[in-house]
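S.K.: Take a look at the letters that make up each chain.
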Amino acid sequence: MRYGYFPGCSLLSSAVEYDRSARAVLGAVGVELEEIDDWVCCGATAAHATSPLLSAALPAISCAAAEKQGLDVLTCCAACYSRLKSVNREVKDDPKLQKQISEIIEEPYEGNVRVLHITEVLGREIGTEAIKAAVQKPLEGLKVACYYGCLMARMPEALCVDKAEYPVLMDDLIRAVGGEPVDWPYKTECCGAALTLARQKTVIRLSGEVVQIAKANGADILAVACPLCQANLDMYQANAEKLLGEQLGVPVLYFTQLMGLAMGLPTEELCLDKVIVDPMPLLSEKGFISGGVYL
Amino acid sequence: MRWELADKALHSDFRRRVEELSGQNLGECYQCGKCTGGCPVLADIELSPNRVIRMIQLGLEEDVLTNESIWCCTACGTCNGRCPMGVDIVRILDTVRLLSQRSKYRPGALEVLTFYQAFLNCIRHFGRLNEIGLMGSYNINSGRLLTNMVKAPWFFMKGKISLSPHKIRRIERLERVFARIEEIEGK
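Chain order of the listed sequences is R and W. Just so you know, we're using the numbering used here here: the first sequence kicks off at 1 and counts up by one. Just so you know, we're using the numbering used here here: the second sequence kicks off at 1001 and counts up by one.
Derived from the structure by calculation, the hints contain no laboratory data. Glycine included, every Cβ here is placed at the ideal spot set by N, Cα and C.
Straight-line Cα separation of at most 30 Å, DSSO-like style, residue types lysine-lysine; simulated pairs:
1. K1151(W) with K143(R)
2. K143(R) with K215(R)
3. K1151(W) with K215(R)
4. K68(R) with K1167(W)
5. K1034(W) with K92(R)
6. K1034(W) with K163(R)
7. K201(R) with K1034(W)
8. K242(R) with K1158(W)
Here are some chain R residues the structure puts well away from chain W; computed CB gaps all over 10 Å:
9. L116
10. P138
11. D172
12. G178
13. Q212
14. G287
Computed footprint of chain W on chain R; a stretch qualifies when at least three of its residues, placed anywhere within it, have a C-beta under 8 Å from a C-beta of chain W:
15. 51-59
16. 201-208
Just chain R, with the same shape it has in the complex (with noise of 0.2 Å):
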């Protein structure tokens, strides 16, 4: 299978761990990958909060390209995916606003390309059958609390990847690869967003209940699908920690480092390194990495 893929620009950076963890799972259950030619930022919050017509014009240029190149897309931001979908439904919902939007970025686009988020992939597409396949280390007696933040299921009717308010395509994932999906009440709940900057106390407290309410509910660890989440979860934690008054110390891993680690992937291909709440004595403790060397 061979998807048009699309990094968005926290896979190029702060979330680089994602960008190889998602490439080496998908390689390795037979997904290819095409990027998407000279795809532009999908505006975020950014965009949508400050000019309904840049947010949709910015995702409908990287939805035209991959038009072109004939390829469905493929995202792992669950931002991204929100914003390339959500074009589509906007375009075909409005004629007018369709053909201004064409004019505007120089090239037709009528929001026919379809958007795929990596958990729709892997868990639809493929199938957890094929991926038990290609498990060699399951996660026995890892439980997992997989978070889903707002954008992947929410707003339905236009993203529908899952129930609303309780998906469960990540925990058919982990729990394929041999992890132990927590069912707690926290799945959607807003981590703070793209306030992270300007309204720092806000993310503290509302990613500081996130992780919180994971622990109380038995979760070792949290499974993530958007780097924003994962930086607000993770790069937060230790203010949380003060603002709670508690200790937490849950290591944020993307579920794709998850999944990689129980196919025996490369470790250098899943970057366990590269977040602030080392999980590694964790993963060492349950077996799942000798020793607990890592470098």
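With chain R fixed as given, assemble chain W onto it according to the hints.
M.R.: Using the frame of chain R, we list chain W on its own:
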């Protein structure tokens, strides 16, 4: 909090402009409050989502456009997901943020707007976001020079910061896209 419903407000075309730009019918909201019940930033804001809608219905333009609450929305979409009438509340908030920038009033939370502008400037110049460039430019423009600087060396050491910005090939076309939109949206 009290608002005076002056004649001017009642006859303002604020509600009509919001409805037109957002494509939403504000008459569909019957103030059930489910949007507010699920709003994650409720603890930090003065105007809850249902209140913002009520104020738009009443034509309270200045009170809405100058309030910082409208800039605290994370666009998580919980309100949209729970609205029994299917009102696109995020879209309404996007619209009032746009109107707030266009209006003669001063937006209520400049630091959030500054962040978004720094973000979009970066996209305009490179086509892709350079996170370290964004942090630097935000800190300079907002006057909060030390925001997250404690964490910067760590990112650098872990190879999570790419120092050479990724620039797209068709940057001239992107500049035209930005310029056209600025012209249409009248900023």
